[in-house]
Amino acid sequence: MIALYLVAAIAVFAAVRVVIEQKTGRKLPYANVMNFAVAGTIVLLLDHPLSLVAAAAYFVGSTLEANAVASTYAGGMKR
Amino acid sequence: MIVALEVAFGLVALLGAVSTALVRDSYGKVISLGVLVAGIVPFIVDRGYLDVAVAVSLIAPVVTIFVLMAVRRAEA
Amino acid sequence: MLGEFLHILAAATISWILFVTVDILFRLPEAGGVSGASAVARDIEAGGGALAGGTMMGNIVCSPDASAGTLLAACGVYVAGIPGGLAAALMVFVGNRICHDPGYAGTTGAVLATFVVYAFTLVGFAATDFIAGMVIAILTIQGLSHTHASRLLDRLWRIRQ
Numbered sequence: 001m002i003a004l005y006l007v008a009a010i011a012v013f014a015a016v017r018v019v020i021e022q023k024t025g026r027k028l029p030y031a032n033v034m035n036f037a038v039a040g041t042i043v044l045l046l047d048h049p050l051s052l053v054a055a056a057a058y059f060v061g062s063t064l065e066a067n068a069v070a071s072t073y074a075g076g077m078k079r
Numbered sequence: 001m002i003v004a005l006e007v008a009f010g011l012v013a014l015l016g017a018v019s020t021a022l023v024r025d026s027y028g029k030v031i032s033l034g035v036l037v038a039g040i041v042p043f044i045v046d047r048g049y050l051d052v053a054v055a056v057s058l059i060a061p062v063v064t065i066f067v068l069m070a071v072r073r074a075e076a
Numbered sequence: 001m002l003g004e005f006l007h008i009l010a011a012a013t014i015s016w017i018l019f020v021t022v023d024i025l026f027r028l029p030e031a032g033g034v035s036g037a038s039a040v041a042r043d044i045e046a047g048g049g050a051l052a053g054g055t056m057m058g059n060i061v062c063s064p065d066a067s068a069g070t071l072l073a074a075c076g077v078y079v080a081g082i083p084g085g086l087a088a089a090l091m092v093f094v095g096n097r098i099c100h101d102p103g104y105a106g107t108t109g110a111v112l113a114t115f116v117v118y119a120f121t122l123v124g125f126a127a128t129d130f131i132a133g134m135v136i137a138i139l140t141i142q143g144l145s146h147t148h149a150s151r152l153l154d155r156l157w158r159i160r161q
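Chains as they are written, first to last, in the numbering used here: chain A, 1 to 79; chain B, 1 to 76; chain C, 1 to 161.
Treat each hint with caution, since some may be false.
Unchecked claim - Pulled a few chain C residues facing chain A out of the computed Cβ check, cut under 10 Å: (1) V40; (2) S63; (3) D101; (4) I159.
To be verified - Derived Cβ-Cβ restraints for the label pairs, each shown as a range: (5) A/D47 / C/G124: 15 to 21 Å; (6) B/F66 / C/L25: 35 to 41 Å; (7) C/G81 / B/V67: 37 to 43 Å; (8) A/Y5 / C/A31: 35 to 41 Å; (9) B/G48 / C/Q161: 46 to 52 Å.
Said to hold, decoys possible - Computed list of lysine to aspartate or glutamate pairs in DMTMM-like fashion (alpha-carbon distance at most 20 Å, straight line): (10) A/K23 / C/E45; (11) A/K23 / B/D25; (12) B/K29 / B/E75; (13) A/K23 / B/E75; (14) B/K29 / A/E21.
Source of the hints: derived by calculation from the structure; they are not laboratory data.
Glycine residues also receive a C-beta, built at the ideal position from the N, C-alpha and C atoms.
Kindly generate the complete structure, drawing on both the sequences and the hints.
Written out as structure tokens, the structure is:
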């Protein structure tokens with residue numbers, strides 16, 4: 001039970017850091033911490049084989065999102 | 001769900017929504033949308049709708065990629 | 001209560017050592033695998049960090065690497081034992097390919113972590129300790145201070161060279 005509270009607290013902390021931080025390149029690592037925490041929460045909330053699939057889908061999806069944002073940002077900086 | 005967790009993830013979703021509305025930078029808006037989705041997914045999982053959670057977490061990044069195309073066109 | 005807390009701290013230390021070792025062995029700090037990783041590295045360096053550590057943090061952001069492998073393998077062991085961990089490794093492999101990353105760090109990390117986590121569940125740890133521990137480990141790298149974390153990773157990378 002304590003694991004679930006800990007992971008939720010880390011998710012809130014990381015979300016606050018994402019919102020406070022100003023530069024895009026430094027927002028992304030905080031968002032990554034939040035995605036780890038939410039993927040852990042999905043499995044800890046519901047012990048079911050499909051919740052592993054849900055956690056993996058959430059994690060891969062959010063990583064793809066961060067990847068797209070970062071590479072678009074890199075392209076925008078080069079120009 | 002336990003009340004403390006509901007408060008925590010509700011706070012995350014609310015933070016994402018408010019900062020999406022207030023942030024001026026377009027990349028910042030997209031990242032804040034990600035925070036909004038991260039706050040919503042645990043509520044869907046808690047009710048047991050795992051298939052809905054899979055669908056949401058696959059659709060949200062695709063939407064973000066489409067929004068990013070618009071961002072890039074607006075910048076160029 | 002206190003015992004569970006100590007278990008989580010021990011699991012955090014074990015998974016920190018595991019994923020940093022695998023990432024550095026697979027040369028993640030050397031170059032950005034995708035163009036987004038080097039953009040993150042540049043912003044971290046502008047904030048006072050080291051470039052090699054920043055590149056590794058950018059690679060962790062942009063593609064599922066050994067840290068993601070460890071988290072999902074711990075989730076898999078919690079849900080379904082060793083087959084669950086190996087299924088998680090397969091999903092990490094697919095995720096790597098979706099994100100245009102040619103490396104094998106994530107898959108290797110997931111397979112290694114499956115056996116490590118399973119071995120520790122036999123000793124008396126719970127798999128949930130490793131899930132929370134991995135989240136704490138990634139918090140110490142990516143979430144507390146980018147400057148200090150990138151300098152620490154840079155120092156470890158010089159030792160490996």
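Evaluation of the provided hints:
no. : hint                       : verdict
1   : V40                        : 5 Å, holds
2   : S63                        : 6 Å, holds
3   : D101                       : 9 Å, holds
4   : I159                       : 23 Å, violated
5   : A/D47 / C/G124: 15 to 21 Å : 19 Å, holds
6   : B/F66 / C/L25: 35 to 41 Å  : 38 Å, holds
7   : C/G81 / B/V67: 37 to 43 Å  : 40 Å, holds
8   : A/Y5 / C/A31: 35 to 41 Å   : 39 Å, holds
9   : B/G48 / C/Q161: 46 to 52 Å : 50 Å, holds
10  : A/K23 / C/E45              : 12 Å, holds
11  : A/K23 / B/D25              : 10 Å, holds
12  : B/K29 / B/E75              : 14 Å, holds
13  : A/K23 / B/E75              : 17 Å, holds
14  : B/K29 / A/E21              : 13 Å, holds
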